[in-house]
Structures are given as C-alpha cells and as structure tokens.
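The task is simple: from the sequences and hints, build the whole structure.
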Amino acid sequence: MADIVDIAVSAEGFKTLVTAVQVANLVETLKGPGPFTVFAPTDDAFAKLPPGTVQTLVQNTPQLARILTFHVVAGKWMKADLEKVDSVISIEGSPIRIDTSDGFEVKNATVIAADIEADNGVIHVLDRVILMG
Amino acid sequence: MTFTTLPQTILSPSTHEFSGIIHRLEAGGSMLPDTPENLMQIIGIYKAYAVPMDFYWRDLLYIAEHVFLNPLPAFKYFLPQEYLDLHNHYAGDDADLRIWRGEATVHPELLEFIEKGELKQKLPKLFHHLSHDRVNMEFAEACMRAMFWHRGMGGQFDPYLDTDEYKANADRAIRAYFQGNPVMLGLYKMFPDMFLEQVRELSYYANLGLFWEVMAPVFFEMSDLYDEGKLTTVPEAMNFLVNGIFAIAGRPIYHHVYIRGECYEIIPKSKGFMWLYEAALPYVEAVFYRTSPFRGTKSYNAQAKQVPGEQDDFHYGILYADVFPVGSAGIPPTLLMQDMLHFLPPYLLDYYKQYCRGDDDLLIQLGISFQRSMYNVTSAVIQALRTALLYPLDDPNPKHLMANRQFFEMQIDRFKRPEARLRDIQRQDYR
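From first to last, the protein sequence lines stand for chains A and B. Counting from 0, one number per residue, gives the positions in the first sequence under numbering that gives the first Met the number 0. Counting from 0, one number per residue, gives the positions in the second sequence under numbering that gives the first Met the number 0.
These are calculated hints, taken from the structure and not from any lab test. Certain hints may be false.
Stated by the list, open to error - Each pair of labels, with its calculated beta carbon distance range:
#, chain 1, residue 1, chain 2, residue 2, range
1, B, Gln302, A, Lys78, 31 to 39 angstroms
2, B, His86, A, Thr18, 45 to 53 angstroms
3, B, Lys304, A, Ala79, 49 to 57 angstroms
4, A, Asp5, B, Asp95, 30 to 38 angstroms
5, B, Gly295, A, Val84, 47 to 55 angstroms
6, B, Gln302, A, Ala46, 54 to 62 angstroms
7, B, Gly153, A, Ser100, 23 to 31 angstroms
8, A, Pro34, B, Gly179, 25 to 33 angstroms
The C-beta atom is built at its ideal place from N, Cα and C for all residues, glycine as well.
Structure, rendered in structure tokens:
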C-alpha cells in the first residue's frame, strides 16, 4: 500500500490539494508514520472558494499550512469510528463537527468517498474546503 | 444579479420578529434595504472613510514598528516620509493581490490634507497639529484599545500574548530598545509587567493597522466602481465586500519592531495568524458591537448599574450608537465624523444640503449614513461567515437551509435590544 501523499498524487482530482501540501511543506509530515485521518477536498472543492482566496494563501505558507492542518486529525478514524462521535479535534486545534445522521457530513462538507485506506492512515474525500470557526 | 426566492418555497416563513430581514438575507440581500439612495449614501461614506483610514493604518503601523516604547511619544502622529511612501499590499502595480487599481502610496487627497489642512495653507506640521487641523488619530487608537480591552473574542492572536514565547520575544525587543538607558532598564527590571503590557498594546496597534491596510483599498475600489456605474445595487456592494473578505482572509497578522535598523519579530508571520480570524472577526465584535459606553450618554456609577457587569453584554458599537448627539461632549465617534467630513464626495455634500438643517448638521447626517454603511459591512461579514461555515443560499437540502436560517436568526437576535438601530435604518427618513 502507499502512504497518504502518494495516494493523493496518483488519484485524479487532487491537483490543488497536492500543490498546496507541497507549498506548505507538509509532505514530510503526511508521509510520516502517523496515523492520520485526512479530509481531502477535491479540485472542485477548491474551485468553489471565492477568487483570490487560494492565491493569498499560497503567498503565505504558514497560513496555508494552518488551513490544511485543519483538514487532518490524529489517529485512524474510519467512517464507522466517526459515526460514534459528534466532533473530532483537528491538528490545527479547532473542532470539526461530524454528522452521520443523514449521509456523512463533515462540518459543512459532504463526504463523497469514504474510507480510502493508506499505509499511515485513512482519507475521506470532501466536496468542499472546510474552515475553522 | 438575480436572486431566486427558492428558500421560501422550501422552508415555511420565519416567525422571527425581524422575519422580513431574515428572508432578505436568505435571498442573498443585506440588512440594509436595497434603494439607490442607500447605495449612494454608503458608497459615498466608504470613500470618505477610506481616506482617513489610509492615514490610520499607516500611523498605527508606524507606532507599532518605530515609536514602540518611547516614554514621551509627542510626535507619534507625525508620519515620516517612509510611511507615506509605504506601499499598500493591495493597491498599485506591485500589489500581492490588487484590489484597488489606484496607487500604493499615500492617497493624494490625504497628502493634500496633511500639507494644507482645513486652512488650505501650507504651514509647518506642528502648527496644523496644535491648531487641531489634522486627522483625529485618537479615534483609531480608541478602536485599538477596544480590541485590546475586550480580548478573548476568538482567534489565536490574543491567547498568544500570554505565552512564554511571546514574553521572550518582547523581552528581547525591550532590552534592545532601551540599550544604554540605565533608567528605563532599571524600571523594566523592577516592573517587567508594566512594559510587557505596553508591548501587548503595541501588538494590537499592528493588528489593527494590518486590518485597515486591507479595508482602505477595498473601499476606494468600491467608490471607483460606483463612479464607473459598475456597482448598482446594495447587494452588489455587499457581495464585493464578501469576496474581498475571502480574498484576503489568509494574509498574515504579525508584529515586527525596527530598532536601530534591526527587525525584531515579536509576533512572527510564521505563527500562521490570519487576517480573518485574528484581526477581522475580533475587530467587528469589538468595534461594531461592543466598544465601551460613551461618557456622554451613560453613567459609570456602579450603583446605577447602567453599564453591564459582563463584557459580552456591551452594546455601544456603531450598530447601536445614538448618532444625534454627535458633535457634543462625551461622544467619541464625533472624531471620526469630523475626519470623514473633509473627504465627502460632492454628490453626498449636495444630498445632505437638501435635508434637515443642511450645512449645519452635516456631522449627524453623515454619521447616520455611516451607520447604514456599517450595517452593510456587518451584513457582508454575516454572509461571509455563512458561506465559510454553512451552506449556499440555493442549497437543495432543506436541512441545510434550516441551518442557514438558524444562523441568520441567531445573528439578528443581537439586534432585538431597543438600542439597536436595525429598525431605524429600514426607513429612508431616518437621517
């Protein structure tokens, strides 16, 4: 099996995310032993952000890294594990609301592909970039 | 731009006291009604506000970065040439992200005012200052102090000011600043917290300066778009602000100090503090909603219990302010109204001359337009938060629409108290 970064690189539709992770110097972290749970927004999810947002973040790597670490949770949380909790704490430090009562929602995003297993964790694919607050 | 009435057809009507405004927000509108008169007032005021704001942000950064702990900062409002020439990061050809198509250096109208003042005469700066022919920088400091005093309004900036890391950074800068000054160094040894608290306040100077560095070009651009006929409705004006908020959300908030040519990073950019979370949202809470009771309208008498015991309950920001006593003693926004008076666009001056007491009560009339314009800015913040944390307005899922509605109702609940001016700004004859 491959690690989280390799899976994102080889899969279709994660170009923006992979670039962002490289710019923010998080490749090494996400290739580490972890385990991590990564909520991965697709290219379409990034495209939904208003113009300029991504440009400003790419110019400012610590701020970009903070947004990206909000999408990462320590430990390997499969969908079945997330069903038992209301929220999880991200690596960034803020809570992420989980709602599985009707489908599988993470904060205000919907999971479009769950439980993609990697060597060092699991990936759930989101249709929207999630933000702290 | 068209707005569908989709939400109403899926959800039953809101039963909130301000249901009309809730439905307007759900349809992509603003708290301020969409009339050409309202649009003219708010855009004219954005322009008049942006010019003094161009001074505020430059001077706030100058104080945070250079004046620093000067025990007698008598000349802190005298901007040196390098801060007049300082390039705004969001205007001009070399902008990080160009919002205003104009120049990155000081605004020409502001420069003219600094040189000639109300007297329209070139006199030494000190003379203009002493005859009070100047920008009322105290207003900017009052906003900074409101943010500093309310503290803990979200974000990671404020908790960072209490960490050992911050204290160590501040300590290095304090020692460097007073190097070779045994009196101040001795005082620092005896009362370290006194100096540390001053540095915290200076970090808030930097925070607010960096916040306004963004708002000034946003307002200038809106004024230019309006003049070109490209902003034609209140919701368009609000959406321009929403997009601006998102575009800049990730700009870093930091505090650098320059001592003898060397840069001391008290709050480094690498902490990841962001414009949206560490500056904009705390600013809105502290300045639009809370601030502190006006000395001229409330008694601070502890027995009279006019002033709330909890800071959360403070409601003295512009969204609640009574603008009619502007110009009399003990009403702090007078300072800002006086500043904006110098830079009103001609169409707004002509408009005010037709109403109320014409030239004689300009400060009050423009104050009320300012209140309208800040209700529109607050609407933009509410819509931006909804976009970031909740769902699109045309989401087909009724559960999502209900979550949006509950969010809007919760926000509007804050305007139920009698002091709130939300009711008044719905009427065009409130002026």
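Evaluation of the provided hints:
1. The hint said 31 to 39 angstroms for the Cβ distance between Gln302 of chain B and Lys78 of chain A, and at roughly 59 angstroms that hint is violated.
2. In this structure the hint that His86 of chain B and Thr18 of chain A lie 45 to 53 angstroms apart at CB is violated, the actual value being about 28 angstroms.
3. In this structure the hint that Lys304 of chain B and Ala79 of chain A lie 49 to 57 angstroms apart at CB holds, the actual value being about 54 angstroms.
4. A hinted range of 30 to 38 angstroms holds for the C-beta pair Asp5 of chain A and Asp95 of chain B, which are about 33 angstroms apart.
5. A hinted range of 47 to 55 angstroms for the beta carbons of Gly295 of chain B and Val84 of chain A is consistent with their spacing of about 52 angstroms.
6. For the hinted restraint 54 to 62 angstroms between Gln302 of chain B and Ala46 of chain A, the CB-CB distance of approximately 60 angstroms keeps it satisfied.
7. Separated by about 28 angstroms at the C-beta atoms, Gly153 of chain B and Ser100 of chain A satisfy the suggested range of 23 to 31 angstroms.
8. Between Pro34 of chain A and Gly179 of chain B the C-beta distance comes to about 55 angstroms, which lies outside the given range of 25 to 33 angstroms.
In this structure, the hints that do not hold are numbers 1, 2, 8, in rising order.
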